[in-house]
Amino acid sequence: MNANALPLQGIRVVNFGWVWAGPVTGQTLSFLGAEVFKVESRARVDMTRNLPPFAEGKPSPDRSLSNHACWAGNGSVSLNLKEPEALQLVKDLIAQSDVVIENFGPGVMERLGLGYAELCKLKQDIILFSMPGAGLYGPMKDLRTYGLSLTSTTGLDSLVGYKGGDPVPVENAFSDPYSGIFGAFAIIAALNHRRNSGDGQHIDFSQQEAVMQMVGPAYMDYVLNGRSGGPKSNEHPLGAAAPHGVFPCKGDDRWISIVVASDDEWHKLLAALKHPEWLKVTEFATHEQRLLHIDTLHALLGEWTAQFDDRELADLLQGFGVAAAPVLNVGDLLGDPHFQARKTYIEVTHPLGFKETIYGAYVKTSRSKPVIRPGPTIGQDNDTVFKKILGLSEARYNDLVERQVIY
Amino acid sequence: MSESKPGALGGIKVLDFGQMVSAPYCAKLFSDYGADVIKVESPGGDAARAMGPFPGDQPHPEKSGLYFINNTNKRGITCDVARAAGRDLFTRLLAWADVLIENNLPQQMQAWGLDYAGIAAINPRLVAISITPFGQTGPYSAWNGYDLNAYHLSGASSRYCGRPGEMPLQHGTFSADYFGAVAGASWGLAAVYGRDLVGGGQQLDVSCAEAIAAAFIGGQNIGGYAQDGRFDKRTGVGLPQGAPATIMPCKDGHVWMLALEPGQWNGLRKVMGDPDWADLDMFQNMKTRAENADVIYSFLHEWTMQHTKMEIQQKCQAAGCPITAVYTVAEAAEQPHLKARDYFVDMQHPELGKLKNLGAPFKLPACPGGPTRPAPLLGQHNDEVYGSVLGLNAGEIAALRQEGAI
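For the record, the sequence lines run as chains A and B.
Just so you know, our numbering puts 348 at position 348 of the first sequence, and the rest follows in order with no gaps.
Just so you know, our numbering puts 246 at position 246 of the second sequence, and the rest follows in order with no gaps.
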């Protein structure tokens with residue numbers, strides 16, 4: 001028992017989630033103290049376990065660095081669910097668990113013999129958390145999407161791009177970690193309901209609907225004015241601030257973001273720039289004028305920012321109270337003083353002997369300190385689960401391993 | 001409104017002391033699932049009230065779409081914490097609450113005498129969720145900042161959004177604010193749920209920039225960079241390692257073209273009528289297709305421009321290919337699938353009238369959530385809250401109003 005008590009201590013989770021979103025839900029619950037076991041198998045290794053780069057450059061399903069960061073916190077038991085004995089073992093584990101997570105398509109759990117009705121027989125108040133792409137029912141429930149294209153069905157993709165141009169794709173699945181973390185909220189809400197009522201339930205978490213919540217502001221412009229927005233570079237999503245953009249700085253691909261949301265902040269910007277004539281023109285005199293002439297304003301400001309180093313300029317502008325920050329690339333993140341001070345990234349030693357850098361608690365807590373463990377190797381918790389929790393004898397366990405039921 | 005079933009979070013008392021998107025949306029997740037949320041606004045109101053969108057673009061503090069959508073199911077009061085009497089009222093509300101959700105800059109909270117140490121002294125069982133662009137600690141914590149600054153600090157835009165050599169792009173909405181909001185909601189709700197277990201309340205310090213820099217960008221990139229010192233940047237193409245995998249124009253808009261695995265590619269070929277060019281050797285796997293991106297995308301472009309987005313989606317999906325239309329906001333808002341799932345709900349607002357809203361973000365069959373009561377008018381529940389929650393009588397409330405505390 002850890003002296004540092006975590007809020008979800010005592011909650012056991014069986015996680016069938018694969019690829020990215022489901023594992024992040026498990027990770028979040030684990031950071032908060034739950035005991036999370038991912039169910040996977042060498043019979044069908046998750047594709048993210050084979051994504052390079054690998055620890056020390058040695059390819060192996062237990063050495064993918066991105067997989068480890070995204071899955072850290074999840075434990076792992078390996079079971080070949082095509083084997084009836086494996087299915088029975090996972091049922092035995094569910095009978096002693098609180099939450100089951102899955103992000104397959106609708107109907108897959110039923111076909112595995114693990115539908116909600118079945119799970120209730122194993123554990124009357126079980127919480128089943130399903131997070132299919134477009135929900136458990138409805139005419140498009142079987143729509144095939146990837147995490148990075150799922151956003152296209154919400155309207156969000158139609159808003160990303162250069163002003164007046166075509167939509168530009170976001171090149172990875174923002175929706176996966178977003179839905180993964182959001183999913184943890186849904187599960188804890190259901191745990192709270194179970195505490196109040198004694199009842200479990202089957203949560204229908206449509207990733208499409210969770211992501212579309214972010215489209216709310218643009219959706220309201222449609223509801224109120226019939227308008228459907230489009231790409232507008234880095235301008236304010238509601239057109240309510242100017243300047244509001246990303247501007248070039250000295251060096252290759254260096255940029256700064258600057259936002260001026262009020263007259264007060266405009267005067268701070270003027271002071272930072274030492275009141276240049278080119279900003280003191282009538283076109284920029286009021287908030288309304290600045291919004292009207294935002295293209296000119298941005299172009300002029302960009303000429304000015306281009307003389308500066310991004311970090312020096314951010315410091316200078318912040319010194320006057322202007323909202324400005326450097327636009328960081330991946331190479332900047334690890335050494336950035338802010339992320340270093342907050343221990344955003346941490347180095348851990350993996351049980352296989354190598355060191356790997358993953359992210360730690362992405363929310364800082366003043367009382368309960370999460371224990372951050374490296375990414376799981378396949379089946380690392382088999383001993384604990386099958387012998388300690390389920391009470392299998394050594395002989396029976398070895399037999400199941402031998403016959404690749406535990407695999 | 002039907003309140004027959006208590007929500008999942010029934011009995012949890014929340015103060016929303018936030019503005020704009022991050023804290024209000026986080027608090028809305030609590031209120032839409034049944035918590036008793038009191039929104040505390042300064043007499044000038046949440047800045048979202050000035051942001052719109054407004055009907056007919058006519059600014060009106062009670063007609064902001066942004067305020068409407070992120071403040072449902074809350075009671076609203078005004079309180080000027082810059083005045084001693086207002087601060088006193090606020091601290092009495094802190095003593096009542098289980099959760100405080102706020103997104104003021106740390107130095108602002110300090111100036112009001114409401115930093116976490118002070119709050120914990122008033123109510124040690126309080127869970128305080130603070131959501132700011134940069135967080136409560138670290139060298140940028142005192143920086144002024146907004147969603148845009150946080151998003152671009154996270155590495156997300158440089159890595160994943162925009163064309164090489166051109167400016168990195170934001171994510172089309174208040175993405176960093178929303179990401180921080182759901183992170184704060186998950187961790188904050190856990191802290192309330194396990195409050196007795198861990199021995200009391202605590203502060204949850206959410207930096208919107210950090211949450212994305214960790215869980216989105218860090219997860220996929222940081223291990224490799226730390227080990228090998230190499231990193232990638234945006235390419236302007238959806239997935240540069242495989243093709244087709246990007247957004248392309250079509251006859252009436254855009255489609256997200258995706259056909260990577262052999263079955264998907266063969267499905268797409270069939271839908272296109274098995275054109276001769278698709279037989280070329282270089283198009284037989286996703287990697288060589290990506291190496292010849294210019295060629296394949298120009299062939300595909302000829303085909304997509306002859307078809308509508310819905311036609312392409314329907315036919316490709318039927319052929320086992322995960323291609324989707326890029327829905328405009330209007331198309332998403334009218335999507336039959338979402339309507340069949342009751343994702344859009346009707347609401348009645350005193351100033352905006354009858355209008356649609358987005359419904360619950362996820363479905364809890366045993367204790368449904370979602371917006372039922374419209375966002376409060378400024379100070380709408382002053383009498384009710386100050387009367388029933390703090391036990392003030394009408395005369396006391398009138399006096400506080402008189403001196404500007406309410």
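It cannot be assumed that every hint is accurate.
[What the hints assert, rightly or not] If you want a taste of the chain B side facing chain A, the calculated C-beta under 10 Å gives, among others:
(1) L66
(2) S154
(3) A245
(4) T246
(5) I247
(6) H254
(7) F299
[Unchecked claim] Rough simulated footprint, nothing fancy, chain A against chain B, three-plus residues with beta-carbon under 8 Å:
(8) 68-82
(9) 85-95
Treat the hints as calculated values from the structure; they're not laboratory data.
Predicted model, so just to flag it, every value in this text is computed and none were measured.
Idealized CB from N, CA, C, for every residue including glycine.
Can you name, in rising order, the numbers of the hints this structure does not satisfy? Violated hints: 7, 9; rest satisfied.
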